[in-house]
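Given next are the chains, with one letter for each unit.
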Amino acid sequence: MQKFTKLSGIAAPLPLVNIDTDMIIPKQFLKTIKRSGLGVNLFDEMRYDQDGNEIPDFVLNKPQYRDAQILVAGENFGCGSSREHAPWAIADFGITCVIAPSYADIFYNNCFKNGILPITLPQDQVDILMKDAEKGSNARIEVDLEAQTITSSDGDVFHFEVDSFKKHCLMNGLDDIGLTQEKAAAIAGFEAKASAERPWV
Amino acid sequence: MSPKTLYDKIWDAHVAHEAEDGTCLLYIDRHLVHEVTSPQAFEGLRLAGRKVHAPDKTIAVPDHNVPTTLDRANGGMNEESRIQVEALDTNAREFGIHYYPVSDVRQGIVHIVGPEQGWTLPGMTVVCGDSHTATHGAFGALAHGIGTSEVEHVLATQTLIQKKSKNMKVEITGKLAPGVTAKDITLSIIGATGTAGGNGHVIEYCGEAIRDLSMEGRMTVCNMAIEGGARAGIIAPDEKTFAYCKGRPHAPKGAQWEAAVAYWKTLFTDEGAHFDKVVTLRGEDIAPVVTWGTSPEDVLPITATVPAADSFTGGKVGAAQRSLDYMALTPGTKLTDIAIDTVFIGSCTNGRIEDLRAAAAILKGKKKKDGLRAMVVPGSGLVRAQAEEEGLAQIFIDAGFEWRLAGCSMCLAMNPDQLAPGERCAATSNRNFEGRQGRGGRTHLMSPAMAAAAAITGKLTDVREMM
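Top line first, the protein sequences correspond to chains G and H.
Note that this note's numbering gives residue 19 to position 19 of the first sequence, counting from 1, and the numbers run on in steps of one.
Take any residue in the second sequence, count from 1 to its spot, add 1000: that is its number in this note's numbering.
Read the hints as simulated data drawn from the structure, not as lab findings.
Worth double-checking, as some hints may not be accurate.
Distance condition first, Cα-Cα at most 25 Å in a straight line; then the derived PhoX-like pairs of lysine-lysine [as the list claims (entries may be wrong)]:
1. H:K1051 - G:K193
2. G:K167 - H:K1051
3. G:K193 - H:K1265
4. H:K1164 - G:K167
5. G:K193 - H:K1366
6. H:K1253 - G:K193
7. H:K1163 - G:K166
8. H:K1265 - G:K183
9. G:K183 - H:K1051
10. H:K1051 - G:K34
11. G:K166 - H:K1265
Note that the structure is a prediction, hence the values are computed from the model and not measured.
Make a model of the complete structure from these sequences and hints.
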């Protein structure tokens, strides 16, 4: 997995609440058996018209946001399905950090498996960063995962919380499965005990 | 010992390892797999030279892509869908997991097949790369959706890296009025709490109105726990649960059955256990409801009118305006004046036998409105067979409905069953997001009985007027 430590980049503002996974990556793109190549279809139905032409008003089609690495959004970002295609598409576009007041649970977990840092901040702080993002390429937002801080283009510093284990894995690009397999003895022990207690399982 | 919730008990019984910071390895009893969210996970195993840790606890069935037309044995899948279903065929064979292929009468939506075959049992942990895994919580199982990386993790280790969620109680007191169903309960809860109301929590549904529901109804309620933002929904098992499980192909038998039931009877929330959040609704206050917007929280009684965007606050004002524009609705319009052109009855929310009975009861001896497209997609091949045996299929066919084969179908429109731009559908599924049933398609969520009523009149309709 791609490591995430520090990021200084342009943030795209998407001031909508309840951005769902069908918006992030519509189902016609779930037929792939690969993880890569979904960035071009990120926010497909908001980004392109019926004929596949770009809709100029959509934020990621504006010249100043085409290289955005951060997305600032409204509450409950990523609600809906469990499709990991959503973070795959976001990462493939080049965005590795999302800032929002809250996230849907499965999406939030999926981000950490794909080198994306989802940052939760209070609404008033998101509002400030949203305004900052609206300045376009004149405003670079800085994210420091180790220090757990975001710095706006005006120099405002906001602290954010993140689970220590998730932070560790993201900073080091660790493979969860390898880490878990180091605990094989604990799993085997659990299985022996469980199959004695609940043999019907 | 301090009193525990049902969730606490199941969680505690499945912690295989706990780190100092509270990060746990949660052991998974059943892993359900479908074709859309699994190919990258199996490929990951292959690339790393890993095996499936517990193939006996892993069950796969294709459901999202499969066509539901009667000629599906002759193809009908586009190239990409075919490749995805074939990948599942290959992976199931290569890794030696349980599998119900498209040609098997037991094939169907994974969340209907699991309980039907007795894979889902009380007290279990159940996961699937699908958010509607919450359905299985109806059995008193801890069940939730996971992403594809986690699918790979469970395949390789039979565990998930988890931190415990908070406990939330949703109590529905009293009795439901006639015409009000499990779907109205679950939509009304989301209407009351919002789509983020359950974030970070596992919801235990309880109260007389929940107890009174059949297992099918309880599955409908738990299915949409995810639309309320919860990690999972759960209902304590009781005699109805045991009766449903008994005799299913993969349920325990003989002495093991007795031992299992004795254990299952310990699965309830202790008196005085702590809930971090409590929501109570009166069963008598719940009406038949529909959604008007593009979020499952946009719920109103069928007797209401389309709301104005400025009747909301905060970010919801803009979201509501966007919904009204997308849905092409004018504030003040009576919901019962909204004309529809499509009816979809099916999905993991409402594709079980009881749902088909409820719809057929309204449709018996009646016809759908001329020009309207209506389809019933049973949740599994066995639901379909039972509906044919009970004469329900004939009622649907006589009413002018298409009687389909099992699959997810128009719930998420990954197969050929889709809405065209601007089409408006009365749907028994679970999501009314923009483009969910097809680009530009407009979805109103409701119960099977309400969808059947809408099929007859061609408009959103109060089912109570037809009873």
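Could you tell me which of the hints above the structure violates, numbers in ascending order?
-> Violated hints (numbers, rising): 2, 5, 8, 11; every other hint is consistent with the structure.
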